[in-house]
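Protein chains: 2
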Amino acid sequence: MSKCEQCIVRQLNSLNELTKDELIRISACKTSKVIKKGEILFNEGEYINGVFCIKDGVCKVTKMSDNGRDQIIKLVKKGDLLGERSLISEEAANLRATALNDLEVCFIPKEEIVKDLKQNNNFTMSMLKELAVSLREADDVIVDMAQKTVKQRLAETLLYLHNNYTKTENGALEIQLSRDDIASIIGTATESAIRLLSSFKKDELIKLKGKDIFILNPEKLKKIAEGF
Amino acid sequence: MSKCEQCIVRQLNSLNELTKDELIRISACKTSKVIKKGEILFNEGEYINGVFCIKDGVCKVTKMSDNGRDQIIKLVKKGDLLGERSLISEEAANLRATALNDLEVCFIPKEEIVKDLKQNNNFTMSMLKELAVSLREADDVIVDMAQKTVKQRLAETLLYLHNNYTKTENGALEIQLSRDDIASIIGTATESAIRLLSSFKKDELIKLKGKDIFILNPEKLKKIAEGF
DNA sequence: GATAAAAAATGACATTTATCAGCTTTTTTC
DNA sequence: GAAAAAAGCTGATAAATGTCATTTTTTATC
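Residue numbers (the numbering used here), protein chains in the order written: chain A, 184 to 411; chain B, 184 to 411.
What the hints contain is simulated information worked out from the structure, not anything from laboratory work. A few of these clues could be false.
DSS-like cross-link-like pairs, simulated, lysine-lysine; straight-line CA separation at most 27 Å [said to hold, decoys possible]:
hint, chain 1, residue 1, chain 2, residue 2
1, A, K312, B, K260
2, A, K312, B, K246
3, B, K406, B, K350
4, A, K406, B, K406
5, A, K257, A, K394
6, A, K312, A, K334
7, B, K261, A, K312
8, A, K405, B, K350
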C-alpha cells in the first residue's frame with residue numbers, strides 16, 4: 184500500500200501539517216478503497232468513524248430534503264477530505280457521498296485523527312481554518328439559493344465548474360454530470376435545468392455534446408449570474 | 184467593567200474552555216460596547232480584528248446579494264460569539280451584523296484569541312466543534328432554500344423562533360422582526376411574506392398583533408414545513 | 001447489432017412567486 | 001397631537017418555475 188509520507192494528494196489538505204512521525208503512524212493504519220462510479224461511499228445518518236482522503240476522482244455530496252429530492256451540497260475532488268465535519272462534531276454523517284466517477288480514497292480511523300488533533304496544534308488550526316472557509320462558502324450558497332433565479336444559479340454553477348475543474352483535451356468540462364445532477368446542484372426540477380441549458384446553448388454561451396459541456400462565453404455567463 | 188471570570192454568558196460558548204488565568208488576561212484587555220437598535224456592529228468587508236461576545240440582545244447577520252437584497256443568514260443572541268469565522272480564516276467579514284434591539288457586547292482583540300487558540304487545545308477543539316456544528320446547520324439551510332417553497336420556509340422559520348427564543352409574559356415571540364426581516368430570513372419578497380403570514384393567521388396557526396407573533400399550532404406548522 | 005432501459009428533450013399547462021400600484025395603519029418627529 | 005415618514009397590507013398582473021405527458025436520443029444488455 185502507498186505511503187502517506189510520499190503522497191502528493193496529502194499536501195492539498197490539512198494533513199500536510201502532520202509531522203513525519205505522525206504520517207508514518209497514520210500510514211500504517213489507513214486503508215485504501217476503490218469506489219466504482221455510482222456507488223455510495225457513505226450514507227446520511229451513518230457513523231463514519233473516520234476521515235476519507237480523496238486520492239482520485241470526483242464525488243457528489245448530497246442531502247435528502249423532506250420532500251424526497253436530493254440536493255447536491257458540494258462536489259469533492261482529489262485532495263479533499265470527507266467526513267471531518269461529522270468526526271469533529273461527533274455526529275452521524277449529515278450527508279451522503281456518491282462517486283461520480285471511479286474513486287480512489289484512503290480511510291483514516293477516527294482515533295488517529297483525534298490523537299493528532301489533540302497533540303498537533305498546527306494540524307488543529309489548519310482544520311479550523313478549513314472549516315471556517317467552508318462556512319463562508321456555505322453562507323454564499325445560502326444567499327444564492329435564497330435570492331438568485333434558477334437561471335442565475337445555473338450560470339454560476341457552470342462558471343464554478345469551468346474555474347475549478349480541469350478540461351478534457353477538446354476543452355469540455357472534465358466532470359460529466361447528468362442533467363439530474365445539474366438540477367440537483369442548482370436546486371430545481373430536471374426539466375427546468377434542461378430548458379435553461381438549451382437556452383444557453385441557443386445563445387451560444389455554451390456548447391452541448393452529449394454529457395460534454397463546453398463553456399464558450401464565461402464573461403457573459405458571469406453577467407447572467409450577477410443578474411444582468 | 185465586569186469581569187470575564189464571573190460572566191455567566193461566557194459559559195454558553197467556547198470561552199468557557201479558557202483557564203482562569205487566561206480569562207483574567209482577556210478580561211483585562213476586552214472592551215464593552217452598547218449598540219442601539221438598528222445600529223451596525225460591523226459591515227461586510229470590514230476587518231474586525233477580534234471577536235464579539237454577545238452579552239445581551241439579538242442581532243441579525245446579513246449578506247448582500249448581487250441583486251441588492253439583504254439575506255439574513257442567522258440570528259445571534261446572548262451567549263453567542265460573532266466574528267470568530269473571519270478571525271480564523273483571516274478574511275474580512277463576509278457578513279454584516281445589525282442590532283435588532285439594544286445590544287450589549289464585549290470585544291476581545293484578535294491577538295488574545297489567537298494566543299489562546301495556540302496554547303489551549305481544549306479551547307481550539309471547542310471552537311472547531313462549534314464551527315463543525317454551524318457547518319451542518321448551514322447545509323440544512325441550503326437544502327431548505329433550494330428545495331422548499333416559501334410557505335414551507337416561513338413555517339420552519341416561525342418554528343425555529345418558537346423553539347429557540349424566549350416568549351414575553353403574554354406568550355408572544357420575544358424577538359420582534361419587521362415583515363421585511365422575516366422576508367429576508369426566508370428569502371422572498373416582503374409582500375409574499377406578508378401574504379403568507381396572513382394566510383397562517385386565517386388558518387389559526389398563528390396570531391398577529393402588530394409586530395407580536397403568537398404561535399398557536401406548532402404541530403400543524405411542522406407539517407407544513409415538511410411539505411404536507 | 002437488435003432490443004430494452006434510461007436519460008434527455010419538448011410542449012402544454014398549473015402553481016408559485018415577484019412586481020407594481022395604491023391604500024391603510026403605525027411610528028416618528030417636531 | 002398634527003404632519004410626515006415608514007411599515008404593513010391588498011389586489012391585479014406578470015414572470016418564473018414546477019408538473020405531467022409524450023417523444024426522441026443515448027446507453028446498456030443480451
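For each hint, the structure was consulted:
Straight-line distance between C-alpha atoms of A/K312 and B/K260 comes to about 24 Å, which keeps the hinted pair within the 27 Å bound. For the suggested pair A/K312 and B/K246, the alpha carbons sit about 21 Å apart, so the restraint of at most 27 Å is met. Restraint check: the Cα-Cα separation between B/K406 and B/K350 comes to about 22 Å, which is no more than 27 Å; the hinted pair holds. Distance hint between A/K406 and B/K406 is unfulfilled; the C-alpha atoms sit about 39 Å from each other, more than 27 Å.
Proposed proximity of A/K257 and A/K394 is supported: the alpha carbons are some 19 Å apart, at most 27 Å. With a C-alpha separation of about 32 Å, the suggested pair A/K312 and A/K334 falls outside the 27 Å cut-off, and the hint is violated. With a C-alpha separation of about 25 Å, the suggested pair B/K261 and A/K312 falls inside the 27 Å cut-off, and the hint holds. Distance restraint check for A/K405 and B/K350: the Cα-Cα separation of roughly 45 Å exceeds the 27 Å cut-off, and the hinted pair is therefore not satisfied.
Checked against the numbered hints given earlier, this structure breaks hints 4, 6, 8; the rest are met.
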